[in-house]
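Just so you know, the protein sequences line up as chains A and B, in that order.
Residue numbers are given in numbering that gives the first Met the number 0: position 304 of the first sequence equals residue 303, and the series is strictly consecutive.
Residue numbers are given in numbering that gives the first Met the number 0: position 84 of the second sequence equals residue 83, and the series is strictly consecutive.
Keep in mind that a hint or two might mislead.
Claimed, not checked - For each label pair, taking beta carbons as the anchor points, the in silico distance ranges come out as:
1) B:Arg219 to A:Gln203: 48 to 54 Å
2) B:Trp3 to A:Gly233: 55 to 61 Å
3) A:Phe80 to B:Ala103: 42 to 48 Å
As the list claims (entries may be wrong) - Facing chain B, from chain A, some residues (calculated, C-beta under 10 Å):
4) Lys113
5) Pro120
6) Ile121
7) Asp137
8) Arg139
9) Leu163
10) Tyr167
11) Ala178
12) Val189
13) Leu204
14) Phe213
If you're looking for bench data, these hints aren't it; they were derived computationally from the structure.
Every residue gets a Cβ at the ideal spot worked out from N, C-alpha and C, and that includes glycine.
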Amino acid sequence: MTADDTPSASPTQTADADASHDHTHVSPQRVVAPADHSHAVAPAAPHLHPHEGHVRAAIAPERAQGAPPVVDFEGVCAGYFGRDVLEEVSFAVQRGDFVGIIGPNGSGKSTLLKTIAGIHPIQCGGAEVLGVDPSVVDRRRIGYVPQTESVNWAFPVTVADVVLMGRYGKLGLFRRPSAADRDAVERALVEVGMADRRDSLIGQLSGGQQQRTFVARALVQEPDLMLLDEPIAGVDAASQHAIFTLLEQRNRAGTTIIASTHDLSCVATWFGKVLCLNHHVVAYGPPDEVLTSATLAATFGSHPLLIGDAGLPA
Amino acid sequence: MIHWLTDPLQNAFMVRALVAAAFIGLACSVVGVFVVLRNLSFIGDGLAHASFAGIVIAFLLKINLYVGGLVVAVVVALGIGSISKRSELSLDTAIGVLFTATFALGVLLMSRARDYESDLQDFLFGNILGVDRLDIALVVALAALVLAVVVALYKELLFSSFDPVMAQASGLPTDFLYYLLLVLIAVTIIVSLQAAGIVLVAALLVTPAATAYQLTTRFRSMMVVSAVVGVGSAIVGLYASYYLNAASGATIVLAATACFFLAMLFSPRRRSVLSAVLASRRAAARAR
């Protein structure tokens with residue numbers, strides 16, 4: 000299944016002049032999702048690729064009749080030590096969606112992704128991920144890329160070691176990685192453009208290279224749902240473009256993707272849906288509907304400079 | 000030269016001590032890799048002190064002192080883990096509170112039992128020359144158990160040590176692995192009390208792994224080098240103790256420390272443990 004999913008073009012090759020796509024001048028045309036994003040804007044019309052695995056093929060017929068969402072949150076609250084970070088969060092993500100979560104620091108973006116991943120408990124409300132309660136969801140089907148701050152950078156592991164960890168969950172206890180696992184690692188390293196750094200220590204990489212490594216780690220998991228916490232924070236423009244191009248390819252191949260970011264300039268370009276979060280859901284929908292100065296002001300408080308710079312419609 | 004090496008082996012107690020020291024060095028240096036990489040160095044010290052209460056209780060109840068120390072060390076290890084998971088207190092603070100309390104309990108009980116003998120004092124500084132056959136059997140069995148667990152769960156322990164959040168999100172039972180590691184540390188420390196005693200045992204856990212960290216770039220090679228340093232310094236230290244007529248715990252620890260400073264001098268990338276520990280502390284602080 001992965002062999003077919005792997006695109007022949009390396010993402011770094013696509014990092015052309017558009018790689019540094021203007022952060023300061025997002026034109027109004029960009030805000031309206033371009034034609035090739037239609038799958039994300041209209042999730043009801045799915046892209047089905049012939050090479051998709053039997054699991055997706057089996058689900059496809061149901062989907063036309065309204066298959067269950069991949070993520071379904073209804074009035075969810077969650078927090079730390081008695082403080083609620085998420086308040087009554089409700090939203091649904093359909094199979095094949097490419098969702099961006101935006102919001103200021105501390106608005107609950109990371110907590111929301113952790114509750115979806117099933118590694119942060121929910122205090123109230125109802126939640127389903129891949130059809131079951133997040134606490135019992137098969138986490139091997141979820142590729143989670145955490146914020147790089149939680150990683151022990153002093154650890155003596157190489158890029159290839161880290162990517163191989165993505166296979167550990169599927170391997171199960173006691174079993175050692177096989178040649179097939181190592182092949183999958185090689186393919187993922189090529190896919191993210193890190194093949195030539197496979198033997199570098201993880202602590203010696205730039206921010207963009209570290210992030211690509213963790214994206215590759217999630218890719219070798221062959222997940223149905225990918226969750227990325229600030230995948231482009233502290234990442235140079237070329238790596239940003241490479242990461243998003245890669246995610247878009249995976250998304251078209253049927254993987255549902257949810258990523259948080261505080262970089263507004265990339266939101267309208269890449270995401271099919273945007274969730275504005277500030278402890279509660281301020282707005283949720285296609286970028287051209289959601290990204291108004293009113294919702295952004297409600298999400299970020301008053302950030303007139305940010306909104307002005309993004310050149311978004313009033 | 001050969002005589003110099005073989006003469007001590009004429010004594011049965013010296014052979015027993017060498018076997019025990021080698022197994023202790025092996026178990027400590029392998030578990031120590033996780034201790035150093037996960038910044039759990041303080042926990043070794045804490046658990047050793049905490050076990051003192053169990054040893055004194057066992058002494059008063061006239062049962063095996065190791066059993067008493069083991070029970071208390073495991074209970075305190077699990078308690079430390081659970082406190083640090085459930086509250087906003089840092090692990091260091093949880094250890095600081097629990098280990099001093101348990102050590103104080105041990106001191107209190109010892110001061111009430113006026114007839115305590117000198118062998119209780121052996122637990123403070125270690126006396127590996129005093130091991131009997133039963134002690135060796137216990138040391139070898141427990142060390143083998145610790146090593147078997149590390150080998151069996153190698154990749155799980157590696158992943159959850161590198162990034163617990165990511166490991167948990169991948170479906171690994173990270174809480175179980177964390178408590179398992181704490182129990183492994185507790186068992187290793189009790190096994191090692193015979194060699195270095197409560198006061199010095201943390202060095203057996205930390206110093207070989209810290210030495211290996213400076214000389215290697217891969218996790219697996221770090222573990223191998225740590226084991227070599229751990230076993231080697233146990234044997235060298237024991238010979239030094241024999242010829243200098245000095246306390247064996249101290250000579251073993253100092254032999255390992257010598258390796259550590261040599262490694263610092265010859266570290267290929269000249270990275271000091273200090274900077275690595277500081278960097279990961281900073282990372283941990285950012286994560287919180």
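Open item on the list: Under 10 Å is the threshold here; is the Cβ of Arg139 of chain A close enough to any Cβ of chain B for the hint to stand?
Closed with: The hint holds - Arg139 of chain A has a Cβ within 10 Å of chain B, the shortest such distance being about 5 Å.
Task: Distance restraint hint 42 to 48 Å, applied to the beta-carbon atoms of Phe80 of chain A and Ala103 of chain B - done: violated (29 Å)
Task: Hint status (Cβ of Ile121 of chain A to nearest Cβ of chain B, threshold 10 Å) - done: violated (16 Å)
Task: Status of the hint placing Ala178 of chain A at chain B (closest C-beta pair under 10 Å) - done: violated (16 Å)
Task: Lys113 of chain A as an interface hint toward chain B, with CB separation required under 10 Å - done: holds (8 Å)
TODO: May I ask you to test the interface hint for Asp137 of chain A with respect to chain B, counting a Cβ-Cβ separation under 10 Å as satisfied?
DONE: holds (7 Å)
Task: Interface hint status, Pro120 of chain A versus chain B (Cβ within 10 Å) - done: violated (12 Å)
Task: Interface hint outcome for Leu163 of chain A [beta carbon to chain B under 10 Å] - done: Leu163 of chain A check passes; min Cβ-Cβ to chain B is 9 Å, inside 10 Å.
Open item on the list: Hint Val189 of chain A vs chain B: min CB-CB distance below 10 Å?
Closed with: violated (22 Å)
Open item on the list: Holds or violated: the 48 to 54 Å window for the beta-carbon distance between Arg219 of chain B and Gln203 of chain A?
Closed with: violated (18 Å)
Task: Residue hint Phe213 of chain A, partner chain B, criterion CB-CB below 10 Å - done: holds (8 Å)
- [ ] With chain B as the partner, please determine if Leu204 of chain A meets the hint condition of a C-beta pair closer than 10 Å.
- [x] Violated: closest Cβ of chain B sits about 14 Å from Leu204 of chain A, beyond 10 Å.
Consistency note: the structure conflicts with the earlier hints numbered 1, 3, 5, 6, 11, 12 and 13.
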